[in-house]
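Chemist: Could you put the whole structure together from the sequences, leaning on the hints where they help?
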Amino acid sequence: MSLFRLSAEAIDLETERHAIDHPAAGAFVAFEGCVRDHNDGRRVLALDYQAYARLAEAEGARIVQAAIERYELHRAAAVHRVGSLVIGDVAVWVGVSASHRGAAFNACRWIIDQIKADVPIWKNEHYADGDSGWLHPDGSVVSGSIE
Amino acid sequence: MSVKILYFASLADRASCSEESVDTQSTTANSIYEEACLRHGFPSGIDKLRVAVNGSFVSWEFEVNDGDEIVFIPPVSGG
Chain A
1 MSLFRLSAEA IDLETERHAI DHPAAGAFVA FEGCVRDHND GRRVLALDYQ
51 AYARLAEAEG ARIVQAAIER YELHRAAAVH RVGSLVIGDV AVWVGVSASH
101 RGAAFNACRW IIDQIKADVP IWKNEHYADG DSGWLHPDGS VVSGSIE
Chain C
148 MSVKILYFAS LADRASCSEE SVDTQSTTAN SIYEEACLRH GFPSGIDKLR
198 VAVNGSFVSW EFEVNDGDEI VFIPPVSGG
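Those protein sequences? They're chains A and C, same order as listed.
Residue numbering for the first sequence follows the numbering used here, beginning at 1 and increasing consecutively.
Residue numbering for the second sequence follows the numbering used here, beginning at 148 and increasing consecutively.
There is no bait here: all hints are sound.
Subject to a maximum C-alpha distance of 35 Å in a straight line, what follows is the list of computed DSBU-like cross-link-like pairs (lysine-lysine):
1) C:K151 - C:K195
2) A:K116 - C:K151
3) C:K195 - A:K116
Hints were generated in silico from the structure; no laboratory data involved.
Modeler: In structure tokens form, the structure reads like this:
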């Protein structure tokens, strides 16, 4: 089981969840990041994710491994979609198992925050008004380019 | 020397390509970005960007070698 992978296919939540099973785990926590129909006051119809796969997989694995050590997890993994997604699709999944719930909740939150800050994946939103735009980390639209 | 540059997201849109091979006399990641700015009209200044060489983040002063894969990383927006 890989610590972090990119997927061009829909994420199979049952399969991912059972890969995290561990007999010593008293707690399992998962985060599902979904495509929502609005951002920054605009109606969103769909979006595309693009990734620099080579670096994204290395950085993602580094983050998940760091969480395992930092929170003494039994298992952890994350999957991020690439390609075209529609409203309601799961774009990112993070799952962790730990002996107790505190570490599990904290580790899951930490992993998704780190992924959003560091892993080279970019979201391009398609709006109801026909426009589209790449997003900054804070959810605001990149105006024209990277200014 | 010749290097391969990959572009993503807003930079790929601006460059109208996702990769290019470039013959250059420049030796650092920073100077190779400055050349790309001139070719493609990227915003000057590297304060919002990071750079990776051969699949690892590096500093802008990193010395680039023939055949390296260079990627300028715009602010990420995964999740």
